[in-house]
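> Residue-level listing of the chains:
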Amino acid sequence: MKKAAFFPRAAIVGMGCTKFGDLWNTSFSDLVIDAAYQAVESVPSLTLDSIDAFWLGTMYSGSAGVSLSGPLKLPMKPVTRVENFCATGTDALRNAVFAVTSGAYDCVMAVGGEKLKDASQAGLTPPAGADDGTSPDISPPGMFSLLVPAYAKKWGVPPETMRAAMTRIAWKNHRNGSLNPRAHFQKELSREAIGAGGIVTGDLNVYDCSGVSDGSAAAIVVRAEDARRYTDRPLYIHGLSLVAGPVTGLMDPSYDFATFPEVVEAARIAYGQAGITDPATQIQLAEVHDCFTVTEMILMEDLGFSAAGQGWKDVLDGKFDLGGALPVNPDGGLKSFGHPVGASGLRMLFETWLQFRGEAGRRQRPNLGTGSRALTQNLGGAPGGLVVAVTVVGGEPR
Amino acid sequence: MGVAAARGALRGCGDACSSHLWFATSRPPYLEKSAGATVAAAASLPGIGVTDLAGSVAAGAGALVAAVQVTHGLAVLSDVRFGSLGSVDEQQGGDGAAAFLTGDEHVIAELLAVHELSEELLDRWRADGQGSVAVWDERFAAAHYAPVVAEAIRAAARMAGRAAGTFDHVLVSTPYARLQHDVVRQLGRQLATQPGDLGFIGVADVGVRMAGLLDKARPGETILVTAIADGVTVIALRVTSEIDRYRARLQALPAPMLEAESEISFLDYLQWRELLARDPARRRVVSAPSAPGTARGRGWKYGLVGTRCACGALNLPPQRVCFACRQQGKMTPEAVGDRRATVVTYTEDHLAPSGRPEAIAVLNFDGGGRIEAYLTNVEPGQLVVGSRVGMVYRLLGVGSNGVRNYFWKGVVERTRT
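First to last, the protein sequences are chains A and B.
For the first sequence, my numbering gives the first residue as -14, with consecutive numbering after it.
For the second sequence, my numbering gives the first residue as 317, with consecutive numbering after it.
Since the hints were made in silico from the structure, they are not lab data.
Only a predicted model underlies this, so the values are computations on that prediction, with no experimental measurement involved.
Any given hint could turn out to be false.
Unchecked claim - Where chain A lies over chain B, by a calculated footprint (3+ residues, C-beta under 8 Å):
#, region
1, 586 to 599
2, 606 to 613
3, 638 to 644
4, 654 to 662
5, 665 to 675
6, 682 to 690
7, 709 to 719
Using N, Cα and C, we set each Cβ at its ideal position, and we do this for glycine too.
Chain A with its partners taken away, still in its complex shape (with noise of 0.2 Å):
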């Protein structure tokens, strides 16, 4: 049985994000739109009525492919809509590359969008399922908030040590967030600031949560061969994973809640897909899903940026930030870029697509030019149940 060394080969070669935020007078349909006719008019040889079928991924805001077509006035398209937790945007997008190196389609769209303002609850309300009331109904921080304790005990952490590490990555995601346009928080905060935040679950302040925010993003996918026929600078996808994990964290004893098991199996596949074997040094640039800081904190391990126990350290040390050796987040992340689910992992992508063509204005890194990988990566779910999504991706082709 095949594990997916193999990848097909497909690139981006047009791509759109919309600005997220609190985007009260706008709607989900003006936001697949936005992004929609954004990645469209990146590509001067291409119109809408070019784009063969569509991978619509929302995970609360829309049903079925009319939630896209509607929008867009779509004639009479082939449009799916993809749903799987926060990895619905790279999930969009894996379909959409399966579509087009199959040889069914030449040229499609896959887009994520989110309007999450709409509610007037705090935080994001997970769907509710009937079922026997026995599970606790735990908050998305509640969940992620398990892993300081664990993590704090499993490698003698002090807990003052935690909050400074976690700090630190509000601090980074912050800094970086306020030199993007785009992002929904453009503001710097002092580390007191951060450290004196409200608590909102155990020991997560409102500052080590991301952004609850509307917003959407779009990718153009076509065949590797064909990229360079719609721009001269295609992002090439060198690899790309989708783990659904076994969601047995709960009733495992043995799963310690400091590290995510489907991350570290999911970026193995996707390293091996891309021929990456020491991803601290061949990865010059990630994304990475910090719905929370710690959660950031864990994954810089997980993906192999850090040594097992490690990461706390390597946050602390700057190895992260924007000028350090693995700049991770550039655009903000999760953190202050914002958090529409369906959008985040193609808005990952979008800085990955900007920083490899040079267009990333104030936080362009030099550098990356032939041989560099950027890392997007994303996780739904809670600790101990994960969907996860690793994409490596590169300015050439494989």
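Could you slot chain B onto chain A? The hints should help.
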């Protein structure tokens, strides 16, 4: 509380357990639907006969008499007391439960006499839907009952073949402190000040006091139980030598869990009892348990019964496919409600649908198995990785469909000194 009392009464009773459950409370979770059936399920007594005695405070003594004289089995008395703010009921009422197993063999206390009479008196009442109890002047009830109780006690003592003043232990259960004092004095006794007295516990009051006496009584001693509510019930008992063997059996079992003490603020109490509305604070709605979903998983929901796979892994809740060997293995039911667990990690969720911070922990059970569960009565700073926890059956919340969602929560174990 009824579930905890029932499970406690069944400890050390082996298979000699009950065929009928008498459940008494003044405030059942529902009308129409039996609460006793829920207690039976959560006490792992599915399929036994159940009778609910619900509404009147007199149901407590009624359940005891029924379990002794009608059908032997388990009498479970459980109650929570409400009172309007500042009332005697609010200040001196308590919550509690007690359970007694009755039978013909190996009894720890034998029945000498039962005398009961009802009394129509409008002294305390509450209409359906009302929170607190309306009370006429306490002195009216005390004056009315004093001679009635005295006569009932004399009658019961005659049946027991002894003088009213000769019982080793005397118990008087009544919502009226004045009446309790008078009756005890007439019997020539001092009113014993019970340490940790919970106040008047409604339906459960007679049971909790009786259990307290049985805890310290010696073989051969006699007990006179007098319960006053809408009449008088007098029960005369003699403790048998079996009580020493019973205590020895309990000693041999793993020690029951003692819950760590915690302070509950008056504001929290008022909100829990829905006596004070709180701003919903833009929280999502409390999930609504489905009846078919509950019925499909009732072994888990009521009895905390998981499944042990042939490979050795304990699956909580029960799984078709084992988490460890990933096979559709042969699964054997296994209950974990009486087991201790260790906290793996924990949090306090300030975004809980209840609008109040909720403690949640991941628990590894002794003997295998893990769950994520709410904890109750946890004070800030009390929890650490490694805290020891036991399970109690509690109300998790009221669903958006009005369903009162009972399930198991963890409580931190008190350190034994």
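> Counting residues of the region 682 to 690 of chain B whose CB is closer than 8 Å to a CB in chain A, do you get three or more?
holds (count 7)
> Take the region 586 to 599 of chain B, compare each residue's beta carbon with every beta carbon of chain A, and decide whether three or more fall closer than 8 Å.
holds (count 3)
> Count the residues of the region 665 to 675 of chain B whose CB lies closer than 8 Å to any CB of chain A, then report whether that count reaches three.
holds (count 6)
> Per the coverage rule (Cβ-Cβ under 8 Å, at least three residues), is the region 638 to 644 of chain B covered by chain A?
holds (count 3)
> Tell me whether the statement that chain A covers the region 654 to 662 of chain B is true, taking a Cβ distance below 8 Å and needing three residues at minimum.
This one holds; 3 residues, not fewer than the three required, reach chain A with a Cβ under 8 Å.
> Establish whether the coverage given for the region 606 to 613 of chain B by chain A is satisfied; the threshold is a Cβ-Cβ distance below 8 Å, and no fewer than three residues must meet it.
holds (count 5)
> Between the region 709 to 719 of chain B and chain A, are there enough contacts, at least three residues with CB-CB distance under 8 Å, for the coverage claim to hold?
Since three or more residues must qualify, the claim that chain A covers the region 709 to 719 of chain B holds, with 3 doing so at under 8 Å.
Of the numbered hints stated above, none is contradicted by the structure.
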